[in-house]
Amino acid sequence: MRVNGVEIEDTFAEAFGMWGTRLVVTAETEEWARTAAAAATGFATSIIGCGCEAGVNELAPGEGTPDGRPGVAVLVFTMSRKDMEKQLLLRVGQTIMTCATTACYDGLAGGEERLKIGGKLRYFGDGFQRSKLLEGRRLWRVPVMDGEFVVEESFGVTKSVGGGNFFIMAADLEHALAAAEAAVAAMRGVPGAVMPFPGGIVRSGSKVSSRYKGQNVSSNTPYCPTLRGFETSELREGENAVLEIVIDGLSEEAVAEATRVGVAAACTDGVLRISAGNYGGSLGQYKFALHDLVKS
Amino acid sequence: MMCIACAAAALDRGGVTLTRKESSTIPVEADSICPDRFAVLGPADIARLPAFYGRRQVTLGDLFEIDGAGANDITVTGDLSAVKKIGYGMTMGRVTVHGTVGPHTGAFMTGGELVVEGDAGDWLGAHMAGGRIVVEGSAGHFVGAAYSGETKGMRGGTILVKGSAGREAGARMRRGLIVVLGDVGEFAAAKMLAGSVFVGGTLGRRPGAGMKRGTVVGFGEAPDPLPTFRYTCTYRPVFMRYYLRHLRESGLVGDGQLDGESFRRYIGDLTNGGKGEVLVRAEPE
Chain A
1 MRVNGVEIED TFAEAFGMWG TRLVVTAETE EWARTAAAAA TGFATSIIGC
51 GCEAGVNELA PGEGTPDGRP GVAVLVFTMS RKDMEKQLLL RVGQTIMTCA
101 TTACYDGLAG GEERLKIGGK LRYFGDGFQR SKLLEGRRLW RVPVMDGEFV
151 VEESFGVTKS VGGGNFFIMA ADLEHALAAA EAAVAAMRGV PGAVMPFPGG
201 IVRSGSKVSS RYKGQNVSSN TPYCPTLRGF ETSELREGEN AVLEIVIDGL
251 SEEAVAEATR VGVAAACTDG VLRISAGNYG GSLGQYKFAL HDLVKS
Chain B
1001 MMCIACAAAA LDRGGVTLTR KESSTIPVEA DSICPDRFAV LGPADIARLP
1051 AFYGRRQVTL GDLFEIDGAG ANDITVTGDL SAVKKIGYGM TMGRVTVHGT
1101 VGPHTGAFMT GGELVVEGDA GDWLGAHMAG GRIVVEGSAG HFVGAAYSGE
1151 TKGMRGGTIL VKGSAGREAG ARMRRGLIVV LGDVGEFAAA KMLAGSVFVG
1201 GTLGRRPGAG MKRGTVVGFG EAPDPLPTFR YTCTYRPVFM RYYLRHLRES
1251 GLVGDGQLDG ESFRRYIGDL TNGGKGEVLV RAEPE
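Keeping their order, the protein sequence lines are chains A and B.
Its first residue numbered 1, the first sequence is counted upward by one per residue in my numbering.
Its first residue numbered 1001, the second sequence is counted upward by one per residue in my numbering.
All clues given are correct.
If you only want the chain A side, here are some residues facing chain B, beta carbon under 8 Å, derived: (1) 66; (2) 139; (3) 141.
It should be emphasised that the hints constitute simulated quantities derived from the structure, not laboratory data.
From a predicted model like this one, the values you see are computed outputs, not experimental measurements.
Heads up, the beta-carbon is just placed ideally off N, CA and C, and yes, glycines get one too.
With these hints in hand, go ahead and build the complete structure from the sequences.
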């Protein structure tokens, strides 16, 4: 299959189950809301070494923030609910609460389970914290030096999908980067999906094996152009740069939609092939076939 | 209480209209005008529900013309100024009162919606624990308050009075939200345990006297705080924006009502721990 002259390989991305949550971060200005969200999603690229994967998601069209101020959504993904609680306590407490003028609300009221986050962070108020309960939602007002940090008592978590992906093979780095940037720009508009790596793009994709003891993952050597001469290489003649986009979503549909939008946007000049990473279907619960998505 | 299936069946049925047969100043105690009581009853059964006319026990059929059946939408009309306890303890459905209604309306309600298209008497929503009361006119004294001798008043839900309210609105309330778009009398939120009282007009004297926790917000003129309250700062509370957005989105408050972002904060009552607060809108500079 070809789109704009770019070959879409007949393969699938393999993804696995995670736990996800959605925070709505507000502040006096959009700039401060984005600053807080950027801090909260920092060092959250890969579950392998960061404890969680996270990214900034635009609010859905027409979705206002709970307090009416400018805001953005933050999606966080972990392998377990326990990890999620730990990560949220750290990230909300150390990055959002510390950021000037912010407030943090639950953005996933329909989550399957709830984690008590504000209900624990409130103790930072040293006994001067106050709660407000309105229509079943409890907010905590924690006194801070610029006024009050408002944080919701609990946050919804839901079973989610992590590790959706696709590869962009291009004739050179410039074209690979331009295509990847175009893909990420288009995918950022998909509600409920984030690309957790820097700028939404991965240059150091990994495989789950290594020749060294104690090293569980290593560079995705079959896709490294500098190793194309080796037998294990998956790259073809003329493919001199590869960038990967990894997608986490609150639902299978969100990951599928983000993949569909991203693949379509990545089919630009200089791109030779779009592929996807999988383990032969043996590891992940979810499969995203590129051809099916492009046809849809 | 009824099972969910019965409640759903009751709500699926249409509405019922009760029309007061005659005007009278003799108090009527009509706590049976309640969706929970009307559920699964036909007009004849509703007419047999008890009421008190002064000291005399009568039936609703003696006092009201009854048309229709079901609990989803009860409309009460006629001279109701002496009719007490409409919607008393209701847990579901909707009651609409055309005109002015007597005291104790919506007391002890835990769910549903009660709309008064006129004025309401004293003790509106007293001990209420959930649901919503909207009064298009004004309300009497003790809105959402605790009855004498009781320690806790309103425990949840929302009361909106579009006119004014009398004294001791929210007295000893424990939880919930009372919004009065007009003025309130003295001792609003007196001995409040927690919850919120918003006043769009003039806040009467001694707001929050003896309050333990909770919030009183004055958007209009406000008296000097009691000596047992201490000024802390003038700031823009984010939680107020949350509340106001919620009230506007739910259609309870319109644009131009309860405006204000910056408030002077007084904490008190220091005679009772000082964990409560009175917020008074700061004049724009």
